[in-house]
Every structure is written in C-alpha cells, then in structure tokens.
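Participant: Now for the letters of each chain:
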Amino acid sequence: MLTASLGRPVKPGDDGVGRRAHGDILPSRFADWFASRGWSPRRHQLEMVQKAREGKSALLIAPTGGGKTLAGFLPSLIELTERAPSAEAPGLHTLYISPLKALAVDVARNLTTPIAEMNLPITVESRTGDSSVAKKQRQRIRPPDILLTTPEQLALFCAWEGSRLYFRDLKTVIVDEVHALHASKRGDLLALGLARLEQFAPGVRRVGLSATVNDPDMIRRWLGADIDLILGDPGAPPVVDVLLSQGHVPWAGHTAQHAMAEVYDAIRHAQTALVFVNTRWQAEFAFQELWRLNEDNLPIALHHGSLSAEQRRKVEAAMARGELRAVVCTSTLDLGIDWGQVDLVIQLAAPKGSARLVQRIGRANHRLDEPSHAILVPASRFEMLECQAAREAVAENALDGDAERTGALDVLAQHIMGVACAEPFDLIALYTEICSAGPYAGLSWEDFEDVVEFVSTGGYALKSYDQFRRIVKGQDGLWRVRNGHIALRHRLNVGAIVGPETLNIRLLAGRRAGRKIGEAEEGYLEQLEIGDTFIFAGQVWRFHGVTGPDALVTPAPNTDPKMPSWGGSKFALSTFLARRVRAMIADEQSWRRLPDDVCEWLQAQKLRSVIPAMNDLLVETFPRHKRFFLCCYSFEGRLAHTTLAMLLTRRLERAGVGPVGFVASDYALAIWAARPMDELDLDALFQQDMLGDDLESWLEESVMMKRAFKNCALISGLIERRFAGHEKSGRQVTFSSDLIYDVLRRHQPDHLLLRCARADTAQGLLDIGRLGDLLARIRGRIRPSRLEKVSPFAVPLLLTIGRESVPGAHQDWVLEEAEDDLIAEAMR
Amino acid sequence: MSHTAQRKIVILGAPLGEPEDPASGTPGAAGSSDNRSTISEDDGFELALRIGNPALQVQVAGVWAALLPSGAAFLETKRTLICADLHLEKGSAYAQRGQLLPPYDTRETLRRLAEDVRRTDPERIVLLGDTLHDAEANGRIAGADVEALSAIGQGRDLIWVMGNHDPQGPGALPGHAVDELTLGPLSLRHEPLSGPRHGEIAGHLHPCARVVASGRGVRRRCFITDGTRLILPAYGAYAGGLSVRDAAFDGLFARPPLIGAIGSRRVHAVRYSAVIGD
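Chains X and W are the protein sequences, given in the same order. Using our numbering, the first residue of the first sequence is number 1, and each one after it goes up by one. Using our numbering, the first residue of the second sequence is number 1, and each one after it goes up by one.
Don't read these hints as lab results, they were simulated from the structure. Mixed in with the good hints there might be a few duds.
To give a feel for the contact side, a few chain W residues facing chain X, derived at Cβ under 10 Å [to be verified]:
id: 1; residue: A95
id: 2; residue: E115
id: 3; residue: V117
id: 4; residue: A142
id: 5; residue: A213
id: 6; residue: A254
id: 7; residue: R255
id: 8; residue: S264
For clarity, every value in this text was computed on a predicted model and none was experimentally measured. Even for Gly, the Cβ is constructed at its ideal location relative to N, Cα and C.
Build out the structure end to end from the sequences listed, making use of the hints.
Facilitator: Given below as structure tokens:
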C-alpha cells in the first residue's frame, strides 16, 4: 500500500523556499522555468533527477496528475542541455515507449512546451504505426534526440540490422504506463526488447512510469534488475458516490438504463465528465440513451476502439480543447492522457476491480491536491454490492493487482526470429540476454532450446524439415536467418500480438458488400444472430451475416437493438473485490450502508433461504416451471463460473439428472435440468478432481482452446497473417489453424504451441487458477439450501437466462437441428 | 444457383439408432421395416436416403453409397471405398515455401484411410485424384508413410484416378493409375464434367457447407448429391474447402441437392436451403 508522503508537500507558488531547497539538483534555467509557471517541482521529480545523476534506473509510482511525465523527461532534458557540442551528429539520446499510439503523440505536445519556452536545443519526434514511410526513413538516417514510440515499433527495430549502431549512444529508455503493460504478452515482448537495447547500449538507464499499484515490486522485477523505487505523493482521496436512482436498483441488467436520466443530470452540473463503461457495446448503448435525453443539446461524444482512427482523433482533440461536456468511453481512454477540465468521472455498471476504478477516477480533475469526484452507477442489485465494496476499497486506498506472469514462449519465438533477422547471434549469449528480461528470468535452457528449434524447423519430432530451416547455424557457430525473403516476411508480421481479428462492417447493397462503416472485432459480432439488431457508431443496424472479411448490415432505425449477451465485461470481477462482496453479504452490520431496497433484498434472502458465511459456498436447489434448478453463489467471476458450469454439467449428465442449460454471471451460476437435484451429493459434485480429466478433455475440444492456439500460431510466426503485396483480413488467415490444431493434438501433443495454448487458456480465458482456488476453499464448506421456490438471490441470475449464449464445443447441435428440419419436411 | 425441377426426399428406416458399422448395414431396399415418407410434388424423381450413425446412406444412380464422417464413400454392393483429394504432403509443400506447418498431415490422412479400410474391408480402394499435393510430393513422402500406404493396399485393388495436381500418377508408390473408372452405372472421375452426368462420382471441388439453424452457423466439410451425381469432400487432413454456394458448383445439379454435412461423429442430412454462403 502507498505510504504517507515523504518530505514536505510542495504547493504551487511556494517559490522562494522551493528554489533554495532544490537549487543543487535543478539547473537554474529549469528552476526559473518552473517559477515562471507558478509551480514548484515536486519531490518525486527532483528525486528522479537525482537518480539520473547517479546513473541509476528507477521506477516512479505516482497517481495521474502528479507530473509523472515531466518527471520522466526532466533528467533527459537536463542532460541534453548540458551535453557538450560535438563534431558528429549525436545519436538517439532517449527512447520513450508508451502503449497507446495517441499517447505518444500527446506527450510530444507536452514536451514541446517546455522545450520551446526554455529554448532548449532538443529535437523530439514520434514514431508509430501511422507514421509515414518517408518520416520513418528520415528518422533512421537522422535520429532525433528524443524518440517517442510504441512497443511494436521497438520490436521492429529489434529485427533491423541497423539497430546496433542506431542505439549505440542511447542513454535512457522510458516506459510509460507500465502498470497497464507489464502483465500481458505485449509486456513480455517489450521486456525482451529492453534486454536487446541493453546489448546495444550497455548501462542504458531504464525509467518506468506507473500509476499506483498493489505490488510495486512486481513491476520493478518486470522492468529489470537493480531498479530503484520512487513513490509519488498519493494525493487527495477521491470522492466516490454511488448513484441511487430514486432508490430503485433493478434486479438484473448490464446497462444502468434505469439511471440514465440522473446520469444526464450529473453531466449537466459538471464542467466536463467522462462516462466510463466496460464494453464497447455498453458505450454505444449509453451514448444512444444520453442523446435521447439530451434536451440541452450538450456536446456529448463517443470514444472506443472500433471507431475509425479519424473519429477517435477528433474526439481526443475536441476533448483537449475543452469543447466537450461529456465523453462516453471504454478503456481506450483509460490510460493517462492529460485531459484538461475533466471534473467528474461516472462509472456505469460496476468497475470490476478497485485499481481500475482508481485509475479512472484519476482522470477526473488533474490537480493532484484537490479530490477527484466519481459517481458509480450499479446496474443491478449484486452490482450494488460490488460498487459499495469498490467504494470502500478506494477510500482505504486498498487496491487489487495483476498476477505475475511468466514470459510466453510464442512471444519469445517471435523475438528470437527478429533477432536473427537483424544480426547473427550466439546461442548461449542470447539465452543469458533473455534471462535478463523480467518475465523470462526463470526460463529454462530446455525451453529456450525448444523455442529456437521451433523457430528454425517448427519443432517437430518428425525431423523432415531440416532442409527448410528458417534460421541456420553457420560455420562460425552463430545463428542467422537463412535468407532475406524470410526476414521480410517476419517484419511484415511483427507485433501480431496487437489485436484480435477485425471484420469490416459494410452496408448490404443488393446482395453485395457496399460502403464500409467501421470495424469490429470478430468476437463482438459472433454474439449476434442473423436478423439481430445492434448499435454501432451511434446508430442501429440489422446484422445479415458475415461474408469473408465483411459483416453485412442494413440500417434499422427506430428499432430496439438486441442486448448482446457476453457483452458482459471482458473484465471479470476481481478476486479482491469478490472477497469484499462476500464479506459484506456475510456481515449483517454492513447492510446498513446499503440502500433500502438492496437491504430488503438481503433480508428476504435471509428469511427465505440462507445468507452464506464468507467462506461458504451457498448452493440452492428449487423447482420452477417444469425444470429443476441448481444455483451456486461463488462470486468468482463470469469466466470461472462458465468453466465450472460446463464441468458440473458433464457430471450432472453422468448422474442422470439430464441437465438442459446453464447461465453464468460474475456472482453466480445456475444450471437447470429435467430431474431434481436436491438429493445429490454436493461434496462429490464439487470435487477438485473435476479439474483433472474432465477438464482436460473438455478443454481439448473447446472453442477456446482452438482460439488460443490460433493466437499462439500467429504470434509465434507459424502462420502468417500478412503477405507482401496484400494484407489479408483476419478471416482469410493463410491456413486454418483449426486443421493444424487437430493434427498436432493427435501426433505431437506436447508441441511447443500446444503448451502455449494450454497455458493461455488456463490463465486468461478460463480462470482455472481461480476455479482451483475456489474448489479448494469450499471443501467441506458447502451450504445446501433446498427450497420450494426461487430465492431472492436467484432472481437476478434467472432474469439473464435467454440472454447468455453458451460457447459450445462441437456445435453439432446446429447440424442436428438442420437435419431435424429435413426430417420434419419429409414426414409432413 | 437456381433449380427448376423439384425433388422428393424419401427417408427409409427409422431415423437414428445405435452406431452401425457401415459394412454391416443393410443399405438399399431389401426388406426390413422401411417407413416410407415422402414430401410433396415433383417430376417423379425420388432421392432416397437412410439416416444412420455414423454413415448417411444415399442412392446415386440407383446404387447405395454410405457417406462416412471421414469424408469417404463406401459402395457396399461394389465393395469399393472411394476417397478424393488426399493432397498428401501438403504440409511439406508449405514448409518448402517458408511456412513450417506440422508435417503430420500425410500420416494423419493415411491413418484415417487405414481406419476406414479396416471397418469397410473393401476389395477396391479408389483414390479419386489429387492424391498427392504436387508433382514433387513423391520425393518428400516419408518411408514410414509409404509403408503405411502399402499396408492399406495389401490384398486390395488400389486405384489412383488422375487429378490435376498429380498428373504424373503414383510413380513408385503403391497403386496403379487410370483416368476414369466405371462401376456399373457409375463413372468415377476426379473433376466433375459440366452439364448433367448421370451416375458421376467426383471430387476436385472440396465442398464445404455453412449450415444455419436457429440463427447460428457452422461450417463443415460435406458431401453433395442429387441422387444422380455425387461430389465428395476433400479427404486430406490439410485440404481446405470451398462453399457449395460458390459459382464453381453452378450447373452441376438440376435439382436442389442434398448436403451430407460432416459432424464430429456422423454425417447429417441437411437441405441445400439450410446452407448459406461463406
């Protein structure tokens, strides 16, 4: 947890004292500049300068609005100012990396100001995927002093033979928004890139900039060895309210629709508000609703990842100019772009994790010393609990965090291929270098060899590909790429980590694909059935199916759009918050802090069923409408619940109760069957061994596993998405990864990529870890409640039935149904 | 594709029983308690089928063919097993060009073939063209796979019908080459000829169908037949597929054909109208 601030708080205008205190650290030119702006440099900014003078690497953890960016750059600006002029053109001095393309551009603007006002002889340029070819070439020949760029660009540099020379004089590398980057495959690749930079420029200083996190040491380890830690002042605690909406919290839902009028009202009273939601679909919906209520014609904008880059840029610019009263956004704006006048953050539907909430609140009101204001709008009664728990967590400054991860091997494969494309490497030296990258510190030599073998020949037990090696070992004992053509193909596909496949959304014109409206992730559209309506870019459309890379739609104004299920968050309820919610439910005293109708609901549950103790698992059974239900309240998040439900369903099948369907939410899961389940041995049903064979076989066949494999196959370079001359869309991936998956599973089940896919599935998609923890936790603590009718707790869950779709394994049922149609026709 | 003539579907036998061994099934008429059901009017043409597990049985030019979930067709009365488009060594062909796909496709395809042969015990095995992915595949195929193919053809007539990808034939590999094969009223060739062809069994097109039901779609390899001609799916482990709605299938069928969609365990009889384009 954050400690109390060290040293004296500095206040704006505290000129005289400030200057004397830091006179030694800051050169007078800089000190004067701060004074001219009416600022005093913050303690952590001075500490960063000090560390730089000592040549030490550092991680700065500070809340947004704390002058973090400037703290990162100050040392570089000072060094560049004090640098002696030399005959040769100087090389790149500082490399700044941020995960967001827009951020890099935005920071340039912020740097330009002090440089211009102080008249410093420093050049700053940005380089992203959107930069022109001409610009990129120029930057290679004549590097600026400071280059702002993205992780993908660094990966491309690593695959370029000119990099060693290019980075020779590099003094500092700054990684911004580390907290958002480190625990992902992207973070893995970046860490490897940093290790490469170290090779090119030994002793290069590493600087990490991070928002407040639960475990700073985890981030230090990711950043490298021997990183000092600097903590910024925590700032005034945010003021978080929970919007009660006339006191009525609905039973179920994702949208907070009931409260939109009040949300609009809050926007009206604020200067500029950010309205955060968890998914793009929710963003579209909220945007629609607000405009329906927008009598005052306030400028309200929409921002999410599926809109075209141009649209997004417009919104960002208008925001920075202070022209907008509200922006409805998803996490794309989550990262710390400095928005001037935001004074209110509204979170629609529960925030899923307190760290995320803190981050979002940090966006409101960038003056660190004044508290930020946030309003949480829960969408249902259970979410009410979640909001309350989050609110208390924020007040206590208690945060949740990401689990530490081991570096992924498919990412390593991509990196090694890149290294080979740039220059020859020695196997042992490369291994040592890779182990110096945080996530790969524990990499075994065997795994490393496996990856090299994979990059070279595909890593197959059947050794028939020696003649087709992609990288080869030369007479000098060094490995290099076999020819330029292979190198070219690699560079085209670098950074395949980027995104899921996107489909173009096009108007259906006659029977063909017409004008393009935008793009959406394949997964987003998968939820839709042909004929369904949905909202995109603020309008309602009817979905007509997918043809190749295009999703075809027709306008459907004045219809009510369908609520896609699974539009449920891609973020699940965090373990941390789940625990707090369970504690809140179990502690009757705490109910008083909740609004009346939620309190009544809990009372009713106590009366008609059972309130579970914090570590118990409540399992209710009851009949309803010719079906028999089993509901289990575990609060482990939708992902874990979906897995659990599928596994339980298999067991219930064997037990002969005839399970028909299930529904899973963040809080609970419900399975319904043809026969009663109240006589079942629940302890046996929830046995941990279900995570063994049952899970294995289900996993192997699951759609999720195939998707994970496809991802690994793309990232590792086994299959390519792009070919020289034409970019293929995601759907036209050169080779069906499903075909490869099936064959590989049977003939080489321990192949590197299968191991990768399994690890990804276990970690990201199915939350196996949480499931295992849950099963262990509840052993012997199952609390059965056999009821005659539905319980108050079950109501919200049951209301979502019909909206949730089940990701199946074979989906043979589609063929069965089509066949039944045919038979029916014949029988008529 | 528009079809002018109507057709009638006749389903023989009770819909689904226990999984049968296709060899022991009693395709075709003979006795048994056939429940005949028909749908409305037409030009007198009947497409008879028998829904089974795992095979779907259809009549082609009057001869019963069991359509197997592996993608092969078995003519019981002719003791002939037919499979098309094996594309052996497709994996290594890609590897040669820089994409190192797992080299197990030949092994896997031959494994499935051995399995089919074991269950149907045919006298004759017909490889209906494009057995090898390209002309040089012969040089890349592993010794163990050649042996597997020999074992498969042991004591049976192993026939290679010539395709467009492997015009040079089996070479040193087991089996002998022909351009076409005639079995009674049936003509077996690699590429379907244009226009109506009574009794033709062909491959080449790699048919796939995106079947929709309740608004959901799944894409599967499939057989396609109108009772007059039959097109087999690609048998090879890495062979892709072309939608039956694609123009390549135009003009082949005068009547709306039946789709035999390959599921995870059996072949499902599906109407052409239940299939949409990709």
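Participant: Minimum Cβ distance from A213 (chain W) to chain X below 10 Å?
Facilitator: 4 Å, holds
Participant: Is the interface hint for A142 (chain W) satisfied, with its Cβ closer than 10 Å to some Cβ of chain X?
Facilitator: Where the cut-off is 10 Å and the nearest Cβ of chain X is about 6 Å from A142 (chain W), the hint holds.
Participant: Under 10 Å is the threshold here; is the Cβ of A95 (chain W) close enough to any Cβ of chain X for the hint to stand?
Facilitator: With a minimum Cβ separation of about 5 Å from chain X (threshold 10 Å), the hint on A95 (chain W) holds.
Participant: Less than 10 Å between beta-carbons is the criterion; does S264 (chain W) satisfy it with respect to chain X?
Facilitator: 4 Å, holds
Participant: Should the hint that R255 (chain W) touches chain X count as held when the rule is a Cβ pair under 10 Å?
Facilitator: 15 Å, violated
Participant: Taking the closest Cβ pair, is A254 (chain W) under 10 Å from chain X?
Facilitator: It is violated, given that the least Cβ distance between A254 (chain W) and chain X is near 20 Å, above 10 Å.
Participant: At a threshold of 10 Å, is the proposed contact between E115 (chain W) and chain X supported by beta-carbon distances?
Facilitator: At about 12 Å, which exceeds the 10 Å cut-off, the nearest Cβ of chain X leaves the hint on E115 (chain W) violated.
Participant: Just to be careful: measuring from the Cβ of V117 (chain W) to every Cβ in chain X, is the smallest value less than 10 Å?
Facilitator: The hint is violated - V117 (chain W) has no Cβ within 10 Å of chain X, the shortest such distance being about 18 Å.
Violated hints, in rising order: 2, 3, 6 and 7; the structure is consistent with all others.
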